[in-house]
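Colleague: Here the protein sequences come in this chain order: A and B. Counted the way the working numbering counts, the first sequence spans residues 1 to 371. Counted the way the working numbering counts, the second sequence spans residues 1001 to 1371.
No wet-lab data here; the hints were simulated from the structure. Note that beta-carbon positions come from the ideal geometry of N, C-alpha and C, so glycine has one too. Some hints here could point you the wrong way.
[Said to hold, decoys possible] A short list of chain A residues far from chain B (calculated; beta carbon distances all over 12 angstroms):
(1) ASP92
(2) SER102
(3) GLN321
(4) ARG328
[To be verified] Computed spacing ranges between beta-carbons, pair by pair:
(5) A/ASP92 - B/ALA1244: 23 to 33 angstroms
(6) B/ARG1365 - A/ARG98: 25 to 35 angstroms
(7) A/GLN88 - B/VAL1069: 48 to 58 angstroms
(8) B/THR1243 - A/GLU361: 22 to 32 angstroms
(9) B/SER1010 - A/HIS97: 34 to 44 angstroms
(10) B/LEU1054 - A/PRO318: 42 to 52 angstroms
(11) A/LEU358 - B/THR1178: 51 to 61 angstroms
(12) B/ARG1064 - A/HIS269: 42 to 52 angstroms
(13) A/GLY67 - B/THR1243: 54 to 64 angstroms
(14) B/SER1349 - A/SER15: 23 to 33 angstroms
This is what each chain is made of:
Protein chains: 2
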Amino acid sequence: MSDPLLETLSVALGSRSYDIVIGTHLFAQLGARLQPLLPGKQVAIVSNTTVAPLYLETVAASLRQHGFVTLPILLPDGEAHKNWENLQKIFDALIQHRFERSSTLLALGGGVVGDMTGFAAATFLRGVSFVQVPTTLLAQVDASIGGKTGINHPLGKNLLGAFYQPRQVIIDVDTLATLPARERLAGMAEVIKYGILWDAAFFERLEQDLEGVLRLEQHLLIATIRACCAIKATIVAQDERETATGQRALLNLGHTFGHAIETLTGYGHLLHGEAVAIGMVMAADLSQAMGLCSATEARRIAQLIARCGLPVRAPWFPVEQYLEAMARDKKVLGGAVRLVLVDHIGQASIQSTVPMELIREMIGRNMSPPP
Amino acid sequence: MSDPLLETLSVALGSRSYDIVIGTHLFAQLGARLQPLLPGKQVAIVSNTTVAPLYLETVAASLRQHGFVTLPILLPDGEAHKNWENLQKIFDALIQHRFERSSTLLALGGGVVGDMTGFAAATFLRGVSFVQVPTTLLAQVDASIGGKTGINHPLGKNLLGAFYQPRQVIIDVDTLATLPARERLAGMAEVIKYGILWDAAFFERLEQDLEGVLRLEQHLLIATIRACCAIKATIVAQDERETATGQRALLNLGHTFGHAIETLTGYGHLLHGEAVAIGMVMAADLSQAMGLCSATEARRIAQLIARCGLPVRAPWFPVEQYLEAMARDKKVLGGAVRLVLVDHIGQASIQSTVPMELIREMIGRNMSPPP
């Protein structure tokens, strides 16, 4: 493990603290890494039908080599399947194979696999061990860290879930080479988000190095993912359960509009990162309208997103439908919509007194023309 | 609140600490009591179709009087309904009525209502506030305290759930007057359990005062429930999540056999307390066979249970089916069945090396004849 590319970060949460390990060729070492960490020998590897053919056997072999008994559980791929029916499939397999309290669930896949596996780990026998092995950029920089788990409800995203921390997050950037370009770019939306809300210098480095990152140059990739994970770890350590007054809510930059877009289009049409990309452009535009960030900054944000080939315009729906979907979103407190807006690049804040008229106008301004 | 019968206990769990309040005429004070405790104004009162006609309006009126907005959610009554379909009904009502993170779920009913409401509170929007108002003896002395929540799975009891603590437990012993005698007696099984596993003097007081308790003499009732809650609070404070080596597992005295009985008969035929009563007789018999407690003590245990009119013999099923159901139960560690046995009245311990042959013989000895 003297790999010069290996980075380790810690998420400081007292008795629930854990490490994030970032590097290359990590899957063959998984068994050795997890052996001292897990209480029992049974490990269910939850993955999907896209990721499993690529990595499942390497991961399972490494675990078996270190005495673990592995059970593969394969889910269909995609946000549309993040529902109760597939969660049930995980439970059924665990019960059928007599999984115990000392057993572990390992998520091998993207955010959907991680969210569902984590929720299953949180609720099976009232909680078993959980390991995150994210294979998409979006999951590596965001979904796998911080313990948010859950499933969607027909009426809204992530309405059911739990805060449940993993024992370790293992990020092998080699997986990004097999990730479809569209998904890789969707992950870049969350990468850019960290620069906007927390770190102006990181945003500027992205403006400079974007093409190298998109070409998957290993040093740039690891440095970029490390920076994102470090910001997320800092925020999560300060505000594990996203309290009303805490900083964790800042991570929802672009997400209130993004979730509304996903709800209106139905899950699975736009990738989550694509919806967030549009949502961040909308948030920046609204921030400018509110007199927070400058027109130049709003433009730099939209430009960096557009350079990734990400969408910057919301799909057409009546404005009222957007407002309705936002009202149903869980980031509502005492009836007022709470929005994360951009003070300037590198700093965001939560605003709960944005005039409804400004929101309406902004949505109209950022929408595609009707079909 | 200078009621001489009012007792308050604390469950010491750091930032998740909460009070247990025990007394009479408490429902009319609910709103005043909860007002300083809850973050928001929306309260869903989850109850069942048996309890609601008796107490829902009093509880709701008291809450409304203190500015809360209440939403009644009624479930069908009984363990057979502690399943995903009814949990779903709770979620649907919460979503439909725009419940938020600052909202509260209040469980008004027995263990089934409490377990389901708690699990809904643990997982709706990744966790909202939760209040327990148990109306059965069993829920008052056991299920409402300690944060175990969950639902059954067709293949086993409580296989899905979470540890999730309430903000307060409010026990009004007046409710026991309207509780059917059979359910009251079933609750006595858990009362007796505390004496067996923790407190010989309490067991002896029960032997003396049993008839007075069963006649619902108020002072005896409150003293008895208080003693049970104090024991449970002590154990839960030491071992919130039931670790493999912790004392919380002692509370499962009679439950491994009891759960097997419930699984075999199908939920809803025997009451949980009835199954536990039989399970405790079985555990005491096995303890004696293992050379732990004396024959006299095993007899005293069976006698006190029988004096309550509780069943003491297991329903007939092939012994192998009992062993199979026990193996599927979640109190299995590394393949070995862990049983809570009785060292002597007032002290129990966990045994994981009980010879299978002794378990087989004990089941045979304690079973009703085949039909």
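Colleague: Look at each hint and say if it fits the structure.
Modeller: Status of each hint after checking the structure:
{"no.": "1", "hint": "ASP92", "in the structure": "8 angstroms, violated"}
{"no.": "2", "hint": "SER102", "in the structure": "6 angstroms, violated"}
{"no.": "3", "hint": "GLN321", "in the structure": "16 angstroms, holds"}
{"no.": "4", "hint": "ARG328", "in the structure": "7 angstroms, violated"}
{"no.": "5", "hint": "A/ASP92 - B/ALA1244: 23 to 33 angstroms", "in the structure": "25 angstroms, holds"}
{"no.": "6", "hint": "B/ARG1365 - A/ARG98: 25 to 35 angstroms", "in the structure": "27 angstroms, holds"}
{"no.": "7", "hint": "A/GLN88 - B/VAL1069: 48 to 58 angstroms", "in the structure": "33 angstroms, violated"}
{"no.": "8", "hint": "B/THR1243 - A/GLU361: 22 to 32 angstroms", "in the structure": "56 angstroms, violated"}
{"no.": "9", "hint": "B/SER1010 - A/HIS97: 34 to 44 angstroms", "in the structure": "41 angstroms, holds"}
{"no.": "10", "hint": "B/LEU1054 - A/PRO318: 42 to 52 angstroms", "in the structure": "47 angstroms, holds"}
{"no.": "11", "hint": "A/LEU358 - B/THR1178: 51 to 61 angstroms", "in the structure": "55 angstroms, holds"}
{"no.": "12", "hint": "B/ARG1064 - A/HIS269: 42 to 52 angstroms", "in the structure": "43 angstroms, holds"}
{"no.": "13", "hint": "A/GLY67 - B/THR1243: 54 to 64 angstroms", "in the structure": "23 angstroms, violated"}
{"no.": "14", "hint": "B/SER1349 - A/SER15: 23 to 33 angstroms", "in the structure": "26 angstroms, holds"}
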